[in-house]
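Asks: Numbered by the UniProt record's numbering, the letters in the sequence shown go through residues 1 to 1120 in order.
Misleading hints may appear alongside valid ones.
Stated by the list, open to error - For lysine to any residue, the following SDA-like pairs were computed, each having C-alpha atoms within a straight-line distance of at most 20 Å:
#1 1075 - 1089
#2 1075 - 1088
#3 1075 - 1043
#4 1075 - 1002
#5 1075 - 1038
#6 1075 - 1064
#7 1075 - 929
Since the hints were derived computationally from the structure, they do not count as laboratory data.
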Amino acid sequence: MSAGLELLRSDRPVGHSGRTGGGAVVPVRIDVLGPLCLFVDGAPVDVPGHRRRAVLALLAVADGRVVPTETLVDALWPDDPPETGHRAVHSHLSRLRRHLGPAASRLERAGAGYALRLGPDDVDATRLRALARQSAAALAHRSAAVLAHRSAAALGRRSAAALPGDPAAGLAGDPAAGPAGDPATGLAGGPAAVAGGPAAAARAAAEAVALWRGPALAEFADVAALAAEAVGLREVFLQVRDDGLEARLATGDPTVTADAAAAAAEEPLRERTTLLLLRALAGAGRASDALAAGAAYRRRIVEETGLDAGPAVAALEQHIASGALAPPALPAPVPPSPPPGPPPAPGAASAPGAASAPGAASAPGAASAPGAASAPGAASAPGAPQAPAPATAPAHADRAVRTVARPAGPLIGRDRDAAELRRLLGTQRLVTVAGPGGVGKTRLSLEVAADAAERGTDVAFVALAEVADDARVTDAVATALGLRIGGDPTPHTVADALAARPLLLLLDNCEHVVTACRDLGAALLTRAPDVRILATSRVTLHVPGEYVVRLQPLPLPRAAAPIAELAHQPSVRAFVEHARRRDPAFALAPGDADAVAEVVRRIDGLPLAIELAAGQLAVLPPAALRERLGRALDALSADRPAGDARHRTLRTTIDWSYRLLDETERALLRALAPFPGGTDLATVEELAARTSPGTDPLVPLRRLVDASLVIPERTAGEARYRILETVRAYLLDDADARGERDAAEQAFLTWARETARSIGAGLNGPDEVRADRRLRAELANLRAARDAARTRGDLDLVIDVTLALDEAAIYRDLEELWNWSVELADDPALRDHPRAAAVLGSATEAAWLAGDLPRAERLRTAALDAVTRTSAPEAQRRCWGGAAALALFSGRFDEAQRLWTDAASVAARPAVHLASAALAATYGGDRPGALDLVRRALDAERAHPCGSHHAFTRYAEGEALAADDPAAAGAAYATAIDLARRCNAGFVEGIARVGQASVWTSTGDVAAAVRGYLSLLGYWNRTGNATQLWTTIRNVARLLADHGRDADAALLLAAADGAASASRLTGADAEHAAKERAALADRLGPTAIAALEERARSLTAAGASAVARAALAGIQPQCS
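When you get a sec, could you build the whole thing from the sequences and use the hints?
Replies: Quick look at the structure:
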């Protein structure tokens, strides 16, 4: 049960009677796992009105407990309840009693609230949770049996006294290696006979999954308690679905692979589901497919979350690659996750995954010993509690062992970094943890040093932040270690004093005294062989033998991530943990999740910035904090006297690093500041040549990287250099103060114009793959330049960037770039611009692709009017092409073919226009003419090679061949898909896969068609291409009708027919669709058809997609 719903409940359950006056129980059922439905005595009851339906849902999910009236008012009007709120709630409750009819007595007034008396099977959500618990318990029983057998087998191997008939002796090899006795458990003997096991788990899970009709409580996203409940229900559904797959793997169900594939396609970032898919594929003898799926998962999770896949994925891949394919339990079975129960009381638990590591308490003896001297400047930064003065404990008669206390609180998101640091300290004598200010270098190093101290290592901590002079570094070290050295300490005398002493020396904050730290490090490495050095610094020491660990900010959440995913993001977890230190009741609620995610993104995931931001929650809610981040450099502060002054605001943290640079390095850094997406090496060289003529650009660049102010990144083998957003804000402020901001911004805009033109030309030529990589790498910069140009009133530059990229963006489903031309078409300044017609033509096609047909028609009219006043080929080609796309959509195929042929006649690269004309000819019934146009398009593409153009032409060829030669069409589609994938043309790949799935359906390969459609539904939803989504839904409906899912098919066809963004059916397609609808009406009857058509009127594209996915999952077992 979600935290939101828990707040609705009192401690008083209400009994369940629900009897009529005659004593008979009137059945009531409320379904929330999809659209809210009420059934009384088996008949559906319509409950109108959003708020009344919300009241019913709140009562239903309360499981019979009393919901206070005040709580209902707050839920319905969370911001400003009206004075009539209580009266309105009572009115809704009165009407709900009327809806309940003979079961009205179930809605009962109880004190200051209301309760709906329901049985355990009366609400589908309650039943879902019960079945989930049942399935998890049955799987847990099986896991316990397997472990018992393994333990017994191990004992049997160690003892020669194992008796015949003993379970260990009766085991036919490892239980996981395959069933030798009971097929449900894989055990030879007794445990299979006990209640529970995989078969029971599979039955319970199947019943639970069948209850799910779509997103739970989706219509109540504005009711916080129900939105939170929906998140919990979704997680229960995913867990029980996974448990069902786990159980079916254990029973050897041959149909499990297709269902695992569908589940993984729906939740591509869910690790447990992916592991189950890999096991299913491997168990079906498809090891290569399993390894490919594992590799795809690892790529996706890195690209979308910034995280690496868990170790279980790598372990399973290694096992599959070894050839040991004995499902289901190799490696160890994924443990079933029990469905979430009621949440802990507010403040009772820390953030997900935030539990302290074992041994997180302070090391024994961590209190300062009498007289123990602390290092100069030992005050620590926020987020890294003040390092204590070393304590002593007896180790040798002549020397005490020093240690450090482990910092308070958990170390979030740094497990991998800490493990790597521990490993390096076991093999390297000098390790430097480098990174930008506030990234958590000190906190991580203290954690690792505390681990070493707990293992008995002598550890000394020396804080150098307040040591202002290089000459004082050796003094600070000698004082911290209590060394007795005659005269002033030098690197050599300090090293000689430590020559025979095993020690881990932690030098913290070396960057401003790096020369002295370098000299000391070199002396220790050569003269004190038992000393290991762990240094933290914003710059590296450059000592021979130094090993550098560059610490990065915490991974950032992706935009629009669901709350369940956000709760596991390290940067969000860190924010929640720090917030709870100030407000123990703080929790990540649906209303705050987006604000928290944006806050941590805008402060780069820096642990210091996260701590400072979370500290503001004492006076600001998350949404208000987000609004004030424009002043983040100064607004986020920590007023703690003991804190390191460098870490009291973000500005002082960055200023500390900036002041350590020389003017050449600062000038290059300021020139890089306008680029929010970073730059490639060529751009860095151009900027360096402008800011410091005659200077080798690699010299200041290396220094900036070394100082952790520029972050080097490598993507697809190409280097890029990025500045954190917080550093960019500081640098832009500095450029303003110097009067350099305008010149820097103008240089950035000039770069953007030239870069957009270069990328656009590359995307339409043989170097398309490289241009595609460059487009995606530079998109953030081009977006920022376009926004800056609009602010400055530079319409020419906005048009240049927009039209350089719009057409190639269509093939890549980069919806943002389509919308640039639509947005530009609304600018009043465009009206008299000489390139207005080209913009309007581009915007026509973009609006059509986005499914906004009324707008597309208006733009088409304006474009065709504007093009009459120009003879520019660019304008003609774009206007005629946009109008042709809209004509094709509307079923005017002759007009579309003519317009595209006209566009081809003025185009420098006519292949795509000829291929589009071929599509119009195909859909108009002229297949020979279509194939002739395809031939001409292929000739044109050979003259001007371009991968996406070739792929689109092959797709058009497949469409022309599909009706008469499905095999040849399938080959053309496959070629188009392969070509599109090579150049990242996702849109072309998607439409070719629609055609391929239709061929699979017509040739009887239904399983392949189902897999293809499931993947396509997800793809069109993600990219926002409503027109193609509805086309896919229509094709799915035909497949469903062929496999007995008549109601789903009729619903989807009716929804597509009424959707404004769906293509119009004409000619043979319209006749075929009419016959399909008539056949469905004959089978279902007029009453059912009328009800389905009524439901279809309110079905959105996303809702229809969910119906289609669920229905396809239902026919998968038939075709596996």
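Asks: With reference to the structure, classify each hint as holding or not holding.
Replies: Hint check results:
1. A hinted pair counts as satisfied when its Cα atoms are at most 20 Å apart, and residue 1075 with residue 1089 qualifies at roughly 15 Å.
2. Between residue 1075 and residue 1088 the CA atoms are separated by roughly 18 Å; this keeps the pair inside 20 Å, and the hint holds.
3. Restraint check for residue 1075 and residue 1043: the C-alpha separation of about 17 Å stays at or below 20 Å, so the hint holds.
4. For the suggested pair residue 1075 and residue 1002, the alpha carbons sit about 17 Å apart, so the restraint of at most 20 Å is met.
5. Between residue 1075 and residue 1038, the direct Cα distance comes to roughly 11 Å. Compliance with the 20 Å bound is thereby established for this hinted pair.
6. A C-alpha spacing of about 16 Å is found between residue 1075 and residue 1064, which places the hinted pair at or below 20 Å, so the restraint holds.
7. For the proposed pair residue 1075 and residue 929, the alpha carbon gap of about 27 Å is over 20 Å, so the pair is violated.
Of the numbered hints stated above, the single one contradicted by the structure is hint 7.
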